[in-house]
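A.B. asks: One letter stands for each residue in the lines below.
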Amino acid sequence: MTVVVAVAKRAAIFVVSLWVASVLVFLACSALPGDVAQVILGIGADPASVDRLRTEFGLDRPLIIRYGEWVGGLLTGDLGDSYLTRRPIGPDLAPRIGVTVSLVVCSMILAMVMALLFGMHAALRRRHLDGFLTSAGSQIGLAVPAFWAGILLVVVFAVGLRWFPAGGHVPLSRDPLGWAHHMVLPVVSLTIVQSAVLTRYVRSAFIEVLADDHIRTARAIGWRQFPALMRHGLRNVAVQVVTVLGLQLASLLVGAIVIEQVFALQGLGTRLLDAVAQRDLLVVQGIVMLLVLAVLVINFLVDLAYLAIDPRLRTPGGTR
Amino acid sequence: MKRRTALGLIALTPAAAAGLFGCTPDEVDGDPNTSLVVGATAEVAMLDPVINTAAAIPQALLYNCYETLVKLDAENTIQPLLATSWDISDDRRTYTFHLDDRATFAAGDRPVTAEDVVWSIERGRADGHPSLKAELAPIETVTASDEHTVTIELKQPSNLWLLSMTGASGIVYDSDAGVDFADSVAGSGPYEVTSWAPGADLVLTRRSSPWGETPFFTDVTFRYFATPNPENAAMLAGQLDILSSVQAPQALPQFEDPDRFTIIEGTTQGEVVMGFNNAGILADKRLRQAIRHAVNHQALLDTVWAGHGELIGSMVPSTDPWYEDLTGLYPFDQEKARALIAEAGYDGTPLRMRLPILPYATAAGQFVASQLRDVGLEVAVDELEFPARWLDVVMGQFDYDISIVSHVEPRDLVKFANPDYYWRYDNKDVQRLVAEADAGTEEEMVAKFRQAARIVAEDAACDFLFVLPNLVVTTPDIRGVAQDVTTLSFDLTTLSREA
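Chains as they are written, first to last, in our numbering: chain Z, 2 to 321; chain G, -15 to 483.
No lab work stands behind these hints: they were computed from the structure.
These figures come from a predicted structure and were not determined experimentally.
Just so you know, not all the hints are guaranteed correct.
Claimed, not checked - Where chain Z lies over chain G, by a calculated footprint (3+ residues, C-beta under 8 Å):
{"id": "1", "region": "24 to 33"}
{"id": "2", "region": "181 to 192"}
{"id": "3", "region": "198 to 209"}
{"id": "4", "region": "219 to 225"}
{"id": "5", "region": "248 to 257"}
What the hints assert, rightly or not - Partial chain Z-side listing against chain G, Cβ under 7 Å, derived:
{"id": "6", "residue": "GLN39"}
{"id": "7", "residue": "ASP47"}
{"id": "8", "residue": "ARG87"}
We put the CB at the ideal spot given by N, CA and C, even for glycine.
Work out the full structure: start from the sequences and follow the hints.
C.D. replies: What follows is the structure, given as structure tokens:
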């Protein structure tokens, strides 16, 4: 029963957040100076044809009507048509979602694996030189901007050694090997910072757990340190790490926008920047809502993950 | 009919010809010898040139997939393409085009007929982008006289109309194709679009039997890069055969190794104009003249664009037939500038220089501002996001005194005949000359445009900083890349690879 209530509560928060986000996104876009009719007509335009085009797009109608129309479309899964291309936005974004998602998911998985390995190592060997070096390495990784790492990787591995392409994307469905080949450098540059951040959290979570009573008890009854950690520590660490992971996923989405620029990947970020520059507002609103949705879904899943990881939260009055 | 071979065959050193450039570009399925990968900026968002006038569409499709009745060649003269010849009536209002009876569309090798021409022009007039509609506006009627003859009746004589028919306005579409032109291409050119990954690349494949001359390359991939650095890196990494335009000349030294790269340098249609608001403080001609005298244009070009590009004295690139060297009209002369400013009784009100955030504009703006301060003019510089905010403030609200932007449309001298344009330059003589140039014979057009360009320059309606250079980088084995840009097309039909 408690589980059902908890899930329902989270779902309600989810819907309200989405609605608030839609209002904010719409208002922010409407407040941007400049308009799409002028951008479409460009430097050669005369003011009369700009006005005509604005009327044609319905941009001269009141905000509330345009908001209602937009949200009505969203509810039926229709993001509207781009002003610039006059094409539906959904099908235009679909292949770009693939680019951004593969970038983010690959980086997340790689960062997670590296963080667990390095974080545990840094925690268990924290009083030794190698553990200290791992810890110091993660500090340096934190300080490296992803775009700078990307540029360095291009200079060394694409222009210098020519092991990997300098940019571009091949759809996974067209050529899996080519896809992987093109993804290596962007994923690595995004992973460097992410794994460093996660390593710090994994390390401190493990150090905390190592001092816990139940680990000491496990050691006392004869468990060796590593198996004890695996059996009794990992689950406790997981709650903390999942929290950070949720937050980091959101920052990964933002980082992906920058990395897409460095590697000429035509993902959501690149499209978003173009659309903002051209004031193709329905595209901007569509992409931002997708990103909001992604972050909310991630948070929702994180909340559910707590329930799965920590049985105490499933009982009435359970606290964490 | 004969397809013209473009200018710009670049001589090669023997070492370069030795074929040391073993880096075959990736993502090419066919024979690497007859496959070509072209790097381009500004991706293709959709494929219909009627609805979207983004330059990326004609760059890839015009003359390659789509053909027009007439074509503009590298010397800026009108040549036959789908029409072998055309007659002009004595009153210059009726054009009769005779279609090449060999011409066929890619789909099923169906002949190109007069009906297709009528259908295409009517589609543009009905559904076209406002600027396309404006180009087609002089047309009164378009009729198919017989299967291979089209008669177009104009409301008034117009040379500019015929010139615009060499571009997107004049494309003849396959009226029978039944496709959505937004994501499919159905034309009569030697290439067909075989794959399009929006935002990433566009792949053209040669038709099995093109009706005209057969181009060298069988597969051509346009790869799109939103920003210059990844594009340069891709060229350096050997992923591209051609870098279709180097965005900033500061990037050129990377490509200096002649064993790996050939640099082709020519001119574009992009005049970098320092626009004056002729209805504000700068309504005083003496102040405008003072500004022109105060700027050292050669030093500006050297500083801002590494000396690449061409100085011009008016709104005409040197490739236009009505070009005249007017760079000597306002020599760099600070004393004269100070005298003119004093004569105008300038009271120290700062001139608002509002620049679009574009590499050449912000750099040139800082340079000019410091030179204007040297002669005693106050300048307040601010930078505006381009395109949206700049268009809104400068072109929409005329809220500026000086701005800098490049005007890339061909024959944009005519903008000086529009007093509502953002320069707000109202000169009856220029308006009359431009109208007469449009209506007259070809010789009259050249003479009148030349006169108008001279008045605009003498009047210091604006200052003309330089023409942006056309900078192309290729691997040394590529031949036939046009040196100068006269149209929006990246013409693939003239290209080849030396064995």
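A.B. asks: All hints are to be evaluated individually against the structure, with a verdict given for each.
C.D. replies: Hints and how they fare:
1. 24 to 33: holds (count 3)
2. 181 to 192: Coverage by chain Z holds here, the residue count being 5 at a Cβ distance below 8 Å.
3. 198 to 209: holds (count 3)
4. 219 to 225: Since three or more residues must qualify, the claim that chain Z covers the region 219 to 225 of chain G holds, with 4 doing so at under 8 Å.
5. 248 to 257: violated (count 0)
6. GLN39: 5 Å, holds
7. ASP47: 6 Å, holds
8. ARG87: Status holds, d = 6 Å.
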